[in-house]
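Chains as they are written, first to last, in the working numbering: chain H, 1 to 281; chain E, 1001 to 1105; chain Y, 2001 to 2696; chain Z, 3001 to 3207.
Simulated from the structure, these hints should not be mistaken for laboratory data. Possibly wrong hints are sitting among the right ones.
Not everything, but these chain E residues come out facing chain Y in the computed CB check (under 7 Å) [as the list claims (entries may be wrong)]:
1) Arg1009
2) Leu1080
3) Thr1083
4) Ile1085
5) Leu1088
6) Ile1096
7) Leu1098
8) Asn1099
Heads up, incomplete: computed chain E residues facing chain H, CB under 8 Å, no partners named [claimed, not checked]:
9) Leu1076
10) Arg1103
11) Met1105
Bear in mind that the values here come from a model prediction, so they are computed numbers and not experimental data. Note that beta-carbon positions come from the ideal geometry of N, C-alpha and C, so glycine has one too.
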Amino acid sequence: MFLALAGCGAFHDSFFNAAGPIAGQERHLFIIVSIVMLFVIGPVLILTPIIAWHYRLSNTKHAYRPHWSFSWILEFFIWVPPTLIVIGLSFLLWNYTHKLDPYRPIESSQPTLEVRAVSLDWKWLFIYPRQHVATVNMLAIPAGRPVHIEMTSGTVMQSLMIPQLAGQIYTMGGMTTQLHIQADHPGTYTGQNTQYNGEGFAKQKFAVNALAPQQFDEWIAHVRATGKPFDAKAYHHLFEKSVEKQPILFSSAPDGLFQRILDRYHPTARASDTNPEVIRP
Amino acid sequence: MSGPNAGKRHEITTYVIGYVAALVLTGAAFGAVHWHWFADTTTTLAVVFGLALVQIIVHFRFFLHISFSRSARDDLQLILFSTLIVALMVGGTIVILLNLRARMM
Amino acid sequence: MIVHAHDFFTLLGKIDLHSFAFVRAWRDPSLNQVIAAGAASMVVIGAIALVLLITWLKKWRYLWDEWLTSLDHKKIGIMYIVLAFVMLSRALIEAVLMRTQQAMAVNTPGIVSPDHFAELFSTHGSIMIFFVAMPLLTGLINFVMPQQIGARDVSFPLLNSVSLWLTGAGAGLMMASLVIGKFSTGGWSGYPPFTELTYNAGVGPDYWIWAVTLSSLGSTLTGLNFAVTIYKKRAPGMHLMRLPLFCWTALCTSILMIFAMPPLTVATAMLALDRYLGFHFFTNGMGGNMMNYANLFWLFGHPEVYILILPAFGVYSEVVSAFSSKRLYGYTSLVLATMAIAVLSFTVWLHHFFTMGQNADINGFFGIATMTIGIPTGVKIYDWIWTMFRGEVRFTVPMLYSIAFMMTFVLGGMSGILLAMPPADYLVHNTLFLVAHFHNMLIPGMLYGMIAGYTYWFPKAFGFRLHEGWGKAAFVCWVVGFYLAFMPLYALGLAGVARRTHELFDPAFRPWLIVAEVGGLILLTGLALLFVQLYVSIRDRENNRVPVGDPWDGRGLEWANAAPAPEYNFALIPQVHSRDTFAWRKEHDCAYDPPDEYRDIEMPRNSMSGVIIGVCGGLAGFGLVWHIWWLAALPVLGVIATVIARSFARDVHYTIPAAKVAAEHGEWLRLIRETRPVDRFQETSPANRGLAARVP
Amino acid sequence: MSANEVKHAGLNLGDTDEVTHEQAGEGIFGFWVFLMSDAIVFALLFATYGVMLPGTAGGPTPASEYDMKSAFIETLLLLTSSFTFGLASIAMKHELGRVRLQFWLGITLLLGLAFLGFELHDFASMFSDGAYGSRSGYLSSFFGLVPLHGLHVFFGSLWIVVMMVQVSWFGLDARVKINLLRLGLFWHFLDIVWVGIFSVVYLQGLI
Ligand code: HEA
Ligand code: HEA
Ligand code: CUA
Ligand SMILES: [Cu+2]
């Protein structure tokens, strides 16, 4: 049934259409638990109408025992099987939670790509620290390679989710959180912020392009060649509220840019950063 | 038991015991910090918190007259339940936020 | 600095012309502003109409003496429910607006602006939780519980009135925000730093803070009052293990209120310190830590959802047993399950922020704790099923709601268990899947229960039954509407649509959205039918009177006196011999025996302290919102003065002489002798005068 | 000792009727519930203080701000006031005369006010160092917690004044007695919270 849903039009961005190992395993868990739960709630859905109808007042053919109110056998069936099911589900939960801890690196023969993500109003900044480029609202990654995203927020708390690749994790100002993703095949996916942050919220989406390895290198070169320079004006624009219609490419990303954004919320930050929130005595 | 005066004297004694115990415990906690009785800070902290806990029990016992005797059961149950909730909330808060701090900063 | 010295000297704080919704619509007559002004005018016109109507009917005196200053728990309960209905009408319209917006806004901006949409979900959520659900259940408990335990009133009748008026003050602030200024855009959970001054300089979050704070203070005091009442005021012989289940759930809900409201108060107070004095509890930077807000809010928020659901569970227990004409199956299990849910609900709050970044051990622990709640909840459901077993089930309106509840609630339970799996939650957190989950719990769980309870106990409150036919029509709307409105949201959530989304971009979502819109409209119809039912029932009340007081062949003490019950509830405090005492007495033909003697009864006198404290609270809140400092300070002094003055009052009771009690009771006993008992087949016909026939 | 005496030190309603006794029980139990709810507020503020202690944002630190001597004196004042309130309770319970009751209440009040004086002095000297609640997360958590306790002490003092007036106005009628009992619980409770503040805020901050 779920797989049928995945085929249907509204679900092409859904995790049912998982395109990477993390989302795939998360989907797997989702489906197992759904099936277990169907068995659990099935008896209720069946018994309730049957019993209610059979023991209706107008049916004179049933037993009426107004004082009957207890049975050890029933008590057993009411308490014990659900407990066992919960115990079973607990093992599942514990294993999957550890296996799919978003902070946990993905095991792979391929080297991990490092990306830094910054949530802004109402756009996403992605920094490629090794490649020294940056983008807004466009995340290109090499297919088949694990990607480690280290995240923070340049404004209020937000949440980064690319349903087809991995579940979400929050971003917060002055702090860093981690997420690991991987796309198995080249393709285009949609990422978004899911935590409401003001007027532009609904439009705060970005494209994720999973590229074949050499295409990825070409893309980096392309960004270097055609992107805008990352100057002071560009930096300040990031912190203004705006919805970007087109992705922006930056031909360079200064070293320590991510750290600099983090430091905006620490009083030891460089004096050159004007931070509205820091109230100096 | 005996006359009303015995009750009164007994009660005054209770308050005096409580007062003296509280003074001693406070003084000990103060001394432990002020004169660095213990070399490392963890021990000092544990001692200070331990003394505070004892002192709180002393207050409940001698000033608020909470005891395990039968007649004070309602209050006692209430306090124990509250202690459980406080432990859950405070313990949870500290574990969660320290873990988050460790993983984010 | 945040607080400017000159603020202290302005008479009207931050209020200016532009604060008024009408003025904004005048200057910028867009559809969005017109909708806002329309809502504002509904509030203003409604208020003026009400005032005029009361004046015209010359009912001010009556209203003041009989209702507003009353300390009678039954009247206070009814006032809570009326308040809930008023607020509900607003929150429901907002819900339909939101559904309409989303249905229309596929690749177009729709009818309301993004900011306005944010106000809608924030007010809708806050109102539904704090000013609909809480007053409904508080009102119901207030009305029913003292009668069920055989008491004359709650332990602290004046405190009860204070709680009511504090809640009313919060509701008043919510309403004021429609007319003057704007409401918060931060959702019902008000997460900072979005709600901090840096990002939200307007008055919106302040309205939210003070409305919620007032209501949570009221709820804390209510919880205290109920818990002490159930602990200390039970009739002789009513051991805890003989309490009706509704009282057990009321007790557990009260305990949750006592311990879960303080975290909310702490969270809102800290946010207020941040916003008013520039503190750094939850700011980005300067040592602030918004994660603590999430922690504090859900320390309250999770127990809160069980505060909402437990009384509904209590109602189902009463209703299923009464309309299955049978004892409740597994009483002990139900009690244990209720207590287990209450205690466990304090151990799971982290499941609302699995995605904040704590480690797998912590997520795993809280995930498992969350699933554990499924066990006692399931026990309850099965106990209700087995209660019907070997009974004689009558499909009256409350029973229909109960059955629909059992079959729909488990679907919400299923999605709850999915959400409790951290890795699965990463995928659907903050999506419409979550929205579907909680509406699935709140509407078929909490609301069906409240409607069932309302239908079930209505005759006790007003002396006549509600119309069955209209009730059943409303029921159909509630069920069909719910499925249509919220099942599509599960699908959309799985498709990755975030919650609080004002605009969507995929045409493939449109069919789902339209179905949901239709569902929303059917739900609206359901509410309208409830109003029709009320109107018809009042019109035909003479046909449906049940003066003897026991229309459903009830089992608990609340049915053992007249309908409506006298102000003192019981002529003589009853002696309890068993569970389901009243059913037991009917079986032993001693339900209506006259007492040996009557005594004088002392009842609390009316007091206006509650009204004064509530009004002062509301004014202070308003002053704080608008930085009108004199208006914030004076009412606080007023509250202190009122409390002190009240502590000097000595003559706070009046006595009802035994002779009067005897006369009233005698009259009722005579009525019983003259009334023809009805059997269960006829209970919905006019023949039902509230005396149930003995079943052989 | 009758059960009653053990239950609530000071509860001596004499030969009043049963209803009053029942109400006293309810009234006291209700107040306990209130205190426990209040305790949650303080517990969470303590927890918040604990996690925000490192958030000094380069500003004043506990070591630079706390005055041990003053905190110690405040502790002594409050402890002693709890003791003197106990003596007042005994005076009420054993009917040792209104004068004695008023005397001990008066002493308690003075101790409470002295405590407030010292506390305000502490705050003033912190302010003069620029240590405001708006300076850092750590100071926010300090000023969220400690002054709230001070506010409780202030209202407790106000309550003492009200009760002293009521004692001379009504004598020791049942309602005055119940309220004095509640006041006693409140006062002792504040002392307990202070033990927490002394240990968690001051001593922990200085270790
Ligand atoms: C009790 C709680 C409650 C109830 C009843 C409802 C009822 C409804 N809700 Fe709401 N809702 C919330 C609590 C509730 N909601 C919360 C907490 C949020 C989150 C806010 C946030 O994001 O911060 C939310 C958010 C929310 C959204 C925003 C989703 C998003 O984030 O994108 C939407 C959108 O359509 C919605 C729709 C509806 C609809 C159509 C109804 C209704 O149509 C359903 C019909 C319900 C009624 C008509 C009530 C009738 C009640 C009675 C008739 C009582 C009768 C009682 C007696 C007779 C005693 N709700
Ligand atoms: C009345 C309200 C109510 C109720 C009763 C519940 C009940 C449950 N809720 Fe729900 N919940 C909400 C209201 C409610 N919830 C709200 C309002 C939110 C969101 C707030 C916001 O973000 O705005 C929310 C959010 C929410 C989340 C957070 C999701 C997120 O933010 O990402 C989670 C996660 O675990 C969750 C889980 C559960 C579970 C496991 C139950 C369980 O109690 C369900 C138990 C019931 C069953 C399981 C079915 C019956 C049982 C059986 C048939 C027996 C057999 C069962 C087993 C063997 C398991 N809820
Ligand atoms: Cu938020 Cu770390
Ligand atoms: Cu929850």
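Structure-based check of all given hints:
Taken as an interface hint, E/Arg1009 does not check out: its beta carbon lies about 32 Å from the nearest beta carbon of chain Y, beyond 7 Å. At a threshold of 7 Å, the smallest CB-CB gap from E/Leu1080 to chain Y is about 13 Å, leaving the interface hint violated. Given the 7 Å rule on beta carbons, the hint for E/Thr1083 is violated: about 11 Å separates it from the nearest Cβ of chain Y. Here the hint on E/Ile1085 is kept, as its CB sits about 5 Å from the closest CB of chain Y, short of 7 Å.
A cut of 7 Å between beta carbons decides the hint on E/Leu1088: the least distance to chain Y is about 5 Å, and the hint holds. The criterion of a C-beta within 7 Å of any C-beta in chain Y is met by E/Ile1096, whose closest approach is roughly 6 Å, and the hint holds. At about 10 Å, the closest approach between the beta carbon of E/Leu1098 and any beta carbon in chain Y exceeds 7 Å, and the interface hint on this residue is violated. Nearest Cβ of chain Y to the Cβ of E/Asn1099: about 5 Å, under the 7 Å cut. The hint holds.
Nearest Cβ of chain H to the Cβ of E/Leu1076: about 30 Å, over the 8 Å cut. The hint is violated. A hinted interface residue such as E/Arg1103 counts as satisfied when its beta carbon comes closer than 8 Å to some beta carbon of chain H; here the least separation is about 7 Å, so the hint holds. The beta carbon of E/Met1105 is positioned within 8 Å of a beta carbon in chain H (closest approach about 6 Å), and the interface hint is therefore held.
The earlier numbered hints that this structure contradicts are 1, 2, 3, 7 and 9.
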